[in-house]
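Note that the protein sequences, when read in sequence, are chains A and B. Mapping of the first sequence onto the working numbering: residues 1088 to 1582, in sequence order. Mapping of the second sequence onto the working numbering: residues 6 to 264, in sequence order.
I should point out that these hints are in silico values taken from the structure, not numbers from a laboratory. Among the hints, a few may not be true.
For each label pair, taking beta carbons as the anchor points, the in silico distance ranges come out as [unchecked claim]:
{"#": "1", "chain 1": "A", "residue 1": "G1126", "chain 2": "B", "residue 2": "G105", "range": "31 to 41 Å"}
{"#": "2", "chain 1": "A", "residue 1": "M1166", "chain 2": "B", "residue 2": "A147", "range": "26 to 36 Å"}
{"#": "3", "chain 1": "B", "residue 1": "A147", "chain 2": "A", "residue 2": "E1158", "range": "17 to 27 Å"}
One-sided and incomplete, this derived list gives chain B residues near chain A with beta-carbon spacing under 10 Å [as the list claims (entries may be wrong)]:
{"#": "4", "residue": "M34"}
{"#": "5", "residue": "A157"}
{"#": "6", "residue": "R159"}
Note that CB positions come from ideal geometry on N, CA and C, so glycine has one too.
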Amino acid sequence: MTIRLAPLLAAILLFAGCGPGTGSTNADETGGSAKGELGPPQGEPIKAMLTSPPQVPPPTGRSKPAKVIVELEVVEKEMPISEGATYMFWTFGGTVPGSFIRVRQGDTIEFHLMNAPDSKMPHNIDLHGVTGPGGGAASSFTAPGHRSRFTFKALNAGLYVYHCATAPVGMHVANGMYGLILVEPPEGLAAVDREYYVMQGDFYTTGRYREKGHRAFDMEKAIDEHPTYVLFNGSEGSMTGDKALAAKTGEKVRLYVGNGGPNLVSSFHVIGEIFDRVWFEGGTRFQENVQTTLIPAGGAAMMEFHVEVPGSYILVDHSIFRAFNKGALASLKAEGPENKLIYSGKEVDEMYLGDRALPNLGAVAAAAAAAKTGELTVQQQIEAGKALFAGTCSTCHQPDGRGLEGVFPPLTKSDWFATDARRVPLAILQGIQGKVMVNGKEYNSVMPPMTHLTDDEVANIATYVLNSWGNPGGRITKAEVAAMRKNAVAAPAER
Amino acid sequence: MSRKAALIALALLGAACPSAGEGTPGWAMLPGGQFRSALALADAPQGSPVARFVMMEMPVTNQQFLEFVRANPRWQRDRVPTALAEPRYLSHWDGPTRLGNRSLPDGPVVWVSWFAADAYCRAGGARLPTWSEWEYAAAADATRRDARSDPAWRERILEWYAEPSVAVLPAVGTDAPNAYGVRDLHGLVWEWVEDYSALLVSADNREQGDPDELRFCGAGAISASDRESYAVLMRVAMLSALEGANATANVGFRCARGP
């Protein structure tokens, strides 16, 4: 209650003290840095609690300005950027993004930047929450094995990016040197059930996306703004599977999302949720009922949503190729009882040809019609399968069926299904997870179950694959697929 | 100077100072010439002359530096004033005159201050190389004297930046000699240069649009934006972060002298 009262009181006092000519015109305005000075620090200095992503330190819970000591160590370290691929990250606090710092408006922050003795490079820090030239950069230029100190007063409330500003700035940022500092408004932020810290960054490495081995920085790609990876929290899969963010139905979740860049602007979106509130650009005002919010490089935003329905909610950069081809994916797993009144799950699954009867899918329509009359030929199945393959399978297995070595198995002269044709429709229906050997090479990717395909679509694609690229031939019928689907081990219910 | 005269001069030099000169083991002769620095000094856009000089083929090793501090006890770590070498000076040795297992005898000596490096070179009748000399020597690859336009040359430098710092540095000399016969200029350690303190880079290099005259009068307004030279300029940034008494895990040195 005191928290609620404090701003009111402050506002009244402010108003009382505000004689004519002070320039304050709008009662809604916070007054910015000119009103950010809330008096000298009180009490003993406090050592700031820093957290690694995706965790956020607890609210400061203070109603008076304090002296806060922040100690942040720069560490250069090799870490995975994707499965089997490592990168030499330069970090604030040993993680990408760097440690989350949480202070209160009016606090005096004594900032210590330590550069680890085994660092090769000098580093510094520019905090966007600092009022002063360089944001602290010139005052914090620190050689390996040294510590710098500078002090600033947090005059403006908001969510701010910090980053290294040592030459070449772009390279230091591209190597992961950024993080967030939250300056709470004097009254604090409303309590929520969960708070998480997510930061997007673009990475420029030698080699291709997901190419294995140790990867070095590629300046040419960085200048051309052609990232190899676009990631949340510095590595692919940083917040998926076991590491997914967690919430329960009925809870209110607040995300603190930054974008370190160095180059890209993020179209931040959570699939299946609508942000009830977005403090766009990390500022004081919020917008309500937002689907996707833009986060500039070197900028941040806060957003809140209320979880109604259990399931996985996927965080993406909705510049969508970055999500599915460069790694900008994370997930929030919500647990709790279903609420069919709000979201039903799949209610109907039936064939609809409709405008698929366009020229390029003519073969599909022909096959479907022939199936009805019982005159479907293998050749019709192959042609229909070919058209369907082009839309669904070729993304990974490539239009020529050769796949991508080490990532997506080839379907050409494949020894994996040569002796058991049923493996093809089964793979389409159930997906594949874990290691498989194909033509002497090991693959360990995930193929999701293609449950959106109907029985005859699966049959046609399988028949096409079996009759192409030096494979032994054969035929899979709709009835066989239907039986397989029925017998399929009870997979988690598809929504 | 004719070739013959030069040879005679060298022979004389060799006699006067057995530690340096062409044909002296461990030292390489660099002919010098017009050289365009990555620093692109505003007053010398076409480059500046680098005089003929002699340079150690490899960085100074722990063993060599150990002999130096034995002969010059005032440079031992328990005796040197902190104004000349910070407390971590030679901290990777087991004792003031003992190497131990964190420092290979033929590994490059690190954790040395500029003052100590300078003293070592002087004791041998030499000096630290200037930045220009160092950069000139480091522009070469195995076959060319100026390989800087080759992306492969730059990639090699960057590879070292992308490798974690190792606890015990490997031996010097495993690198192939460059066109001048000099090794390990890239990929092993940073190196002190004589005029490092003139490499004044702004601590916040983004101030380029508003150069502070005092700061920039030294090595000029360093622009690390050049695709060709930023890898070398990061070395300048590193040196500019240091004070003369500082020592770090990755900064070593080698000596040079006039011909």
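Do the hints match the structure? See the list:
Range check, G1126 (chain A) to G105 (chain B): Cβ separation about 55 Å, and the 31 to 41 Å hint is violated. A beta carbon spacing of about 33 Å between M1166 (chain A) and A147 (chain B) agrees with the range 26 to 36 Å that was offered as a hint. Restraint check, A147 (chain B) to E1158 (chain A): a C-beta distance of roughly 45 Å breaks the suggested window 17 to 27 Å. Taking 10 Å as the C-beta cut-off, the interface hint given for M34 (chain B) is violated, the closest approach to chain A being about 31 Å.
Evaluation of the A157 (chain B) hint against chain A yields a violated restraint, the C-beta minimum of about 12 Å exceeding 10 Å. Given hint, R159 (chain B) at the interface with chain A, holds; its Cβ is 8 Å from that chain's nearest Cβ, closer than 10 Å.
The structure fails hints 1, 3, 4 and 5 (numbered hints given earlier, in ascending order).
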